[in-house]
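Asks: Listed below, chain by chain, are the residues.
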Amino acid sequence: MVTNTKEVKALDFDVTRSTEEERKLSFKDDVCIGCGICERVCPVEAIELGDIGAIVRTGADEPKICVDEHKCVLCGMCSVGCPVDALDFTVDGESIKDMDVYPHFVSSAEIDDDTCIYCKACETACPREAITIARDLPDRAKLVTGEIEIDKETCIDCGVCEEMCPADAITIDHKLPTSADPTVASDINVDKDKCVYCLICRRSCPVDAIKAVCRTCSYGEYDLDPAAGEIKGSSFIDDEQCVRCGWCEEICPVDAAKVKKAFKGELSIDQDKCTTCGACVDICPCDVLSFPQPEEPGQMVEKVFKDEKYCIFCGACQNVCPVEAIDVKRTDVDYTPTKSKSWKSKMESLKT
Amino acid sequence: MPRHIVSGLKYLAAVELVRDGLSQKEVAKTLDVDRSTVSHYLNGRNLSWSSIEIAETITKMCPKDFLMLTYALLDDKEKTRLMVKICSKVKCDAIVKDSCIACGICVDTCLMRAIVLDNLKARIDCEWCCGCLICRDNCPTESIEILEVENGY
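Protein chains in written order, with our numbering: chain A, 1 to 352; chain B, 1001 to 1153.
If we strip away everything but chain A, and leave its shape as in the complex, we get:
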């Protein structure tokens, strides 16, 4: 009487049940981290986690999860359990993420633009490339003050200053001499927007044709406007890609990034069992795991290095490990309250 339809678009898919209201589950493969939580929480065993180890390592053209549309009852539990935004569930077009009756993980990542100095450390460190820092640097001329003048009568157009200038501020219009005009250049100019008053031109000029002075060296910074020299910018976190791993918070030198994780837990690796196949290192969405390099020849190091600071305890590494050397425990799950006992017990079941 009521049937589901499935629409597949490359690796993504939608499962829909339309009656008086439309219930729709959408999967985005590029966001999926292969943690398998959806498979665990599905109450009707409609979800099967693919061979994620092989998919991630070979780039196989296969979705990370498969939903059997004949088994799926469109309850939305998988989407609430998904620690990233790979599964979205909508009722009549409205995402249940925006509905208070459904529980949600409490997690967030924010960068405070008032504190941020736009150093881009977070952008570089983010394992999901979810952060974009746009910065506006001040004009160099606003950070220096001084005077420069070239005595064109004395200047012999030798080009030494032009070659030496580190800021490319000096240009000479070179030319070949003719009998009518036996000079090697027609003009020499200094671009005062580029000049930093380093005085290298003055010191290198063989005929002392350049008069230049750096006012900051002689008198200090009194005539510089600090506001004009400020770095302006803005930060952006792509919520769809962000997994709240905490790299940005850890690496930020001024504590501008704040990350709240949904799970607390423990990650343990049995170094004796580990065969250093590297599947866990490849699957980890948070760059928690890496292979340490010995500092000197013959030094024994751990087979796999971990730093739990960055771990979101999703369990993807445990799923993928072929020798069961990894154990991920979730000791706490932070979620918004729900009146439904079945949903509450499902959220609690994520604790291991």
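Everything labelled a hint here was simulated from the structure, so no lab data went into it.
Take these hints with a grain of salt, some might be off.
To be verified - Selected chain B positions facing chain A (Cβ under 8 Å, derived; list incomplete):
(1) D1098
(2) C1100
(3) T1109
(4) N1119
(5) L1120
Backbone N, C-alpha and C fix where the C-beta goes; we use that ideal spot for every residue, glycine too.
Given the structure of chain A, go ahead and fit chain B onto it with the hints provided.
Replies: Coordinates of chain B only, in the frame set by chain A:
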């Protein structure tokens, strides 16, 4: 023939509604027929007694068969739920267990539109429940129990 059975059902419904104290005008409006037809029904005219007999037999079938047959005859969900509500003499109690996951399949399959989701749990309006058990049979978590508490036949 189906039209005759529908007439029989409408006759039965009209009798029930008049017994409930509705005026002929109100009965006509409820059943979406004109007033003279209601008057004819109630006076036993323009009707074959065998149609009424067959209609009565249908109402006495198990609730699911009654519902599905009525739907097949009327071919209109809204008219079906109204007809079944008026003619059904079965009263049910519904229990939704805490294992309900609010998937909404019961809401989507209930022809009587007796079920809504409330705080991620199905809530069944026993005024409208006809006891057909379609919701129970389709529930993926076996969370619904329907108990027949009264059978007027």
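Asks: For this structure, which hints from the list above don't hold up?
Replies: Nothing - there is no hint that the structure violates, so all of them hold.
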